[in-house]
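Novice: Chain by chain, the residues:
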Amino acid sequence: MTMPVYLDSAATTPTDPRVAAVMTRILRSADEYGNPASSTHEYGDRASELVDAARERVAASVGATTADVVWTSGATEANNLAIFGVTAYYANQGRHIITARTEHKAVIDPCWELERRGWRVTWLIPGPDGIVAADQVEAALEDDTILVSLMQVNNEIGVIQDTRAIAAVCAQHDGARLHVDAAQSIGKVPVDFGASGADLMSLSAHKAYGPKGVGALLVSQRRGVRLEARQFGGGQERGLRSGTLAPHQLAGMATAFTLASQELPKEAQRIGALRRRLWDGLAALGGVLRNGTEQGTVPQLLNVSFEDVEGEALLASVSELIAVSSGSACTSSSNEPSYVLRALGRSDRLAESSLRFGLGRFTHEADIDQAITAVGNAVKRLRKISGQCATAA
Amino acid sequence: MTMPVYLDSAATTPTDPRVAAVMTRILRSADEYGNPASSTHEYGDRASELVDAARERVAASVGATTADVVWTSGATEANNLAIFGVTAYYANQGRHIITARTEHKAVIDPCWELERRGWRVTWLIPGPDGIVAADQVEAALEDDTILVSLMQVNNEIGVIQDTRAIAAVCAQHDGARLHVDAAQSIGKVPVDFGASGADLMSLSAHKAYGPKGVGALLVSQRRGVRLEARQFGGGQERGLRSGTLAPHQLAGMATAFTLASQELPKEAQRIGALRRRLWDGLAALGGVLRNGTEQGTVPQLLNVSFEDVEGEALLASVSELIAVSSGSACTSSSNEPSYVLRALGRSDRLAESSLRFGLGRFTHEADIDQAITAVGNAVKRLRKISGQCATAA
Amino acid sequence: MRYSRLTWEHFSNASSAGVLTGTDVARAAAGSAADGTWVQFDIRAKRRGFAAALIIEARFQAFGCPHTIAVADWLAGRAAGRSAELRLPEPVGALQQLFGMPVEKLGRLFVLEDAWVGAVQALLKKQENA
Amino acid sequence: MRYSRLTWEHFSNASSAGVLTGTDVARAAAGSAADGTWVQFDIRAKRRGFAAALIIEARFQAFGCPHTIAVADWLAGRAAGRSAELRLPEPVGALQQLFGMPVEKLGRLFVLEDAWVGAVQALLKKQENA
Ligand SMILES: Cc1ncc(COP(=O)(O)O)c(C=O)c1O
Ligand SMILES: Cc1ncc(COP(=O)(O)O)c(C=O)c1O
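Here the protein sequences line up with chains A, B, C and D, keeping their order.
Using the numbering used here, read the first sequence as starting at 1 and increasing by one per residue.
Using the numbering used here, read the second sequence as starting at 1 and increasing by one per residue.
Using the numbering used here, read the third sequence as starting at 1 and increasing by one per residue.
Using the numbering used here, read the fourth sequence as starting at 1 and increasing by one per residue.
If you are wondering where the hints come from, they were derived from the structure by calculation, not from laboratory data.
Quick caveat: nothing in here was measured; it's all calculated off a predicted structure.
Positions of the beta carbon are idealized from the N, C-alpha and C atoms, including for glycine.
It cannot be assumed that every hint is accurate.
Said to hold, decoys possible - Derived coverage of chain B by chain A (criterion: at least 3 residues anywhere in the stretch with Cβ under 8 Å from a Cβ of chain A; other residues may be distant):
| # | region |
| --- | --- |
| 1 | 10 to 16 |
| 2 | 123 to 132 |
| 3 | 164 to 177 |
| 4 | 225 to 238 |
| 5 | 264 to 276 |
Said to hold, decoys possible - A partial selection of chain B residues facing chain D, derived with a Cβ cut-off under 7 Å:
| # | residue |
| --- | --- |
| 6 | 310 |
| 7 | 312 |
| 8 | 345 |
| 9 | 361 |
| 10 | 364 |
Using the sequences and the hints given, assemble the complete structure.
Specialist: What follows is the structure in structure tokens.
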């Protein structure tokens, strides 16, 4: 069977061959396989050097210092560590946090859990463009707000939040720390943790052509952010996150992040052109609505709702030719309509009849044309099967 | 520089080339790089099949069912999930747990944290052979004991606990669940989770020639064990542990575990002979004490205290020829004498003057001979430097 | 989501999709697109003396998931030559099994049933009045 | 743990390890093996008129970490030709720097100092009594 064209880069990306090469080298190495915590011999030292080098490269690629980096198993863990770690540490200063309805599940679910434990959570609803305005955050801040958690790039529609403006608002409020989920940012928007004014930032390797199962939480040392550890043991990561570190994974992440920041400007252009081509092709079908604007979103994502087409039938019709998602990958195994699109004001029906196209480093013009053809044929056929009446009914 | 002979297999093991090959194949694959949670396309399906296959192989190799397996980032996370997850779930049934002073930090530290939060912890002290007797557990059980956490194979001296006898004692006590840290067991002792009577079991790949950064917690479905999740998000692992799964890591772990259980009988013999050779060579030096008995320990570990030799000087003297550890890898970066050896009744001085030799799949006779020579020379030289007086003083 | 071969064949071909025209055609629909499932059947039949009507051809239109479209196509495609009865040719449970539909989707089969039975009803009424 | 080149050289060669014998040898030790650090110095010197004694040779024995052994070896090896003074040739802080010792190990230098100063003291006493 020929595989469909991969257009789901927001769910995950293939490991870049240059990343895989670095990882393979370490996995096969005769002298770098030590435990980075083994300080009594050369194998441990070399493993630990790999970890240090990865820390430096990741820090450099996102404008952080090496001391800011706490390695994790991915952005899910990073988000959980940020949210539970900060709220536990500052619990005596307040029990109110602010987030948005359009966050990733890995932020929403920890916040729900905090609500269950008696915390107050303000759930901001972004405007129809997906933007959470700094004003909204300002209005939501209360005396006992200790954490604001907002993502930089949304994983469903690609909208870019003005996290600096939000950081400026938080800075006016004594004690409201800002956590930014930047899992979808790397390689798509420039990331400068130091300049961003954020206190904490979550990263994941596999959204940026790195390996799955590794990420980091940046914890600003300069801003003096503290948090309670959640995983105890060997005392790795200055006690903030115990557990044996995996040099092959960290080196893979570092290589991926370095490549991503190097290639960002060129890729933004190239992929931007591909996205315009895709949108033009789809818009020609009529009855299509774009979720997210051209300007305010990352070029890698295009989210479109199709009128008069049932969502599952649409997805099934295109699935042999293109691999796309109808929601966040993490939620697409459930059949609920996307809560993000609903939060943006789309009806359940339209939310369900949406496709998320994730373009990436390995997407080329022919792939886009295949997508346009596949979706065009499917939409026309399904509209024919449903006739006029569907709309009327 | 030639690398020293690696004799620290209890800290970590090199990735077996067969494991690395499987991982490399997946990392370079053109169609298996999807997110296992992406249910809308073939890439996701294939990734998810890799996860399922790994789950089956890991389960089969440790006598568990696939439904028992909860993937984690390693045994540290598995231990934390077991201890915090179970105590949170059953908190209303009791706030007492039992563990031992000779556990790994990844059990001790979570238990300390629970003590800090007001739980009562009974810290059992094993006999001089390192064994925690089932009687001791029985005597420590209280009405409100909800968890007993004891390791199977100790990471410093290799002593094997009779976890079945302990499980039998727990079974008499309504509500005391048994968690077994089996991070050091794989490939060293047969592991049969189903038959063991344990409720939960922690596993790690990198102690068994698999990759670092991946492991699992087994949660017995048959025994109806419940626990609260600690990491929230996409709802992976039936909600018990959210976060994108890493097929290359899981497949690596599965391959490693399959190989380990296949090769166990043959390896136990081969490595047992190497360990006898090593012990005979070292014993000939005089003034050496074995920590752990020949019979009750895994053949992969030999822990020896050297009289009249300062520990750091000994380690430094041998470090160019052999890579060994003077304590658990996770704690060897601190210079405290091993708490395990102290718990077994060794003086601080002797605990500090101990070396842990970790033998493994890639250890051969010549390596053992090099170790005997290196240690012999070092001990003799250091004893000469310290003269007679050291002993007298 | 993976589909059974039968589902996939009927969904991807949907050769009985469409409408029938003429005064002898009976039509009924059920469900609504807003609720996610809408199905319409057109049936043409000939009278067989005093016995039940004999279906000559049937067509469907549907807004719905692949299972809905597949079952509608299957029903319409197999209708010719059967007598028009006020029930589905197979009970809902059997259809669910046949197409390997997840239980959560059972409701969609009831929409299909309503549309089908409605169309037969309309047909019989039409023939009564004729 | 990584050691500086100076530390490593003196630790691995330890060419001044050993004891001296004879009635003109002064000896003192400090610390204890049980506490982790024990050092002993043997010093032989010749009298220089009324001036301070001039060290001819020195040896050490030590139970201790590589830094301890290295510093002891350095002190003993450089002693010949120096006048016997009741202090280390370099202050403790300077030695710590010179050998790149972690601060936690400062205590070991005090043991070394005690042993060294004790040996010189014994030497001077011996010469007084002679
Ligand atoms: C915005 C966002 N946050 C967090 C995550 C979770 O990250 P990970 O897959 O590394 O656990 C994802 C991806 O699934 C994401 O898109
Ligand atoms: C007995 C034991 N438990 C737990 C761990 C921690 O496992 P991991 O390295 O997978 O975090 C180790 C190893 O460091 C161990 O030896």
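Novice: Of the numbered hints stated previously, which ones are contradicted by the structure, given in increasing order?
Specialist: Checked against the structure, the hints that fail are numbers 2, 3, 5, 8, 9 and 10, while the rest are satisfied.
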